[in-house]
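Undergrad: With chain A held as given, fit chain B onto it using these hints.
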Amino acid sequence: MPGRMNRVAVMQALKKRITNEIVVSTYSCALDWIAQGERDLNYFSHGAMGLASSHGLGLALARPERKVVVLDGDGSLLMNLGTLVSIAGQAPKNLVLFSFQNNAYEANGGHPIPQANTVDFPALARSAGIPNSSSIQEIGEFERRLPEILQAAGPTFVNLHIEQGPPRAGGGYEQLYTEARRAALRRALA
Amino acid sequence: MSDRPKSNTQLIVEETAKSGVGLVASLPDGWITDLIGAYAADDRFRHVAVNREESAIGLCSGAFFSGIGTLALMGASGFMTCIYAITKINYTYQIPMVIGITLRGRPGDSAKFHQSNGLYLESVMRSIDIPFVPIERRADIPLISTACKHSRVMSRPVVVGFTRALLKGEA
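As given, the protein sequences belong to chains A and B, one line each in that order.
Residue numbers for the first sequence follow this note's numbering, beginning at 1 and rising by one.
Residue numbers for the second sequence follow this note's numbering, beginning at 1 and rising by one.
Same shape as in the complex, but just chain A (with noise of 0.2 angstroms):
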């Protein structure tokens, strides 16, 4: 069993690196990203699960000269594979896709997503044509490799392992909504 990493340390790892890159994010991860700090350059996909990666593809081809980061769940990237495959074919260099694995629906009750604990999400991405592809499960090594991740000529994917969180009864989704956010993406994006 691999060792996990805590969300919000990942996230505050994160936060301490980022500049100028957009940043998709949804769900459990949305939440914890942006408890980090309001910035301009967040897209939240958050509300059609699954689609986070084809955000970001979307807008890594829109923008070339922007990084983009896509921050994904587990069960969202399960929901949506053949991401994977539409990633590799456009190959944009200025995609990182980061695959959280807690192995949960945390959003939606705890449930075990499929093949938890079993599914290689790296290999899954190699084998669709991403070779730069790999997994960090300690919080010291995430730290270490993410200057060269957000670096390296893309796309890039890898598999976060980290611990379950609580359900989040009430969501708090609603703050991930506003028009203010919204327009401050765009004005940014202009």
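Source of the hints: derived by calculation from the structure; they are not laboratory data.
The reader is advised that the hints may include incorrect statements.
[What the hints assert, rightly or not] If you want a taste of the chain A side facing chain B, the calculated C-beta under 10 angstroms gives, among others:
id : residue
1  : A48
2  : M49
3  : G50
4  : G75
5  : L78
6  : A107
7  : N108
8  : G109
9  : Q115
10 : T118
11 : F142
12 : L146
13 : L150
14 : A180
Predicted model, so just to flag it, every value in this text is computed and none were measured.
Glycine residues also receive a C-beta, built at the ideal position from the N, C-alpha and C atoms.
TA: Below, chain B alone, put in the same frame as chain A:
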């Protein structure tokens, strides 16, 4: 033997078994966490956790041809992603099944991202002429068998929709 009254979840599971369902394919929604767990723990059912809702429709359709009664269980949002599979496969090839969904987005559901279901779910169901049986209170639970029977009679899927209050044992 306990004389405690059965929970709504237990009653739904009992009614499902009585209706001849032997396979349940599910993808979680927070409201049906307990229900999925109850099906998974019950030897009368083969429970399959799928990774997208359309897979549940396909899986249940395949199982039907082997003679097994099926239930595809999912959230309202997931059901909305299944329209293509239902109309293209189940309607064309006359494949019955019960589709259990959460009635998300009704007044009282505070989740912003489910309000689209409140606005469009029932009108989408009407637009594809899929029979819809709301299960809003304990007394409605026997309608699961009615829905299952109706599905077989008309050789099409039938939707049963569970309210939050029912699933939480409040109705």
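Undergrad: Each hint: holds or not?
TA: Against the structure, the hints:
no.: 1; hint: A48; verdict: holds, 8 angstroms
no.: 2; hint: M49; verdict: holds, 7 angstroms
no.: 3; hint: G50; verdict: holds, 7 angstroms
no.: 4; hint: G75; verdict: holds, 7 angstroms
no.: 5; hint: L78; verdict: holds, 4 angstroms
no.: 6; hint: A107; verdict: holds, 7 angstroms
no.: 7; hint: N108; verdict: holds, 4 angstroms
no.: 8; hint: G109; verdict: holds, 3 angstroms
no.: 9; hint: Q115; verdict: holds, 9 angstroms
no.: 10; hint: T118; verdict: violated, 13 angstroms
no.: 11; hint: F142; verdict: violated, 26 angstroms
no.: 12; hint: L146; verdict: violated, 29 angstroms
no.: 13; hint: L150; verdict: violated, 29 angstroms
no.: 14; hint: A180; verdict: violated, 15 angstroms
Hint check: violations occur at hints 10, 11, 12, 13, 14; the rest are consistent with the structure.
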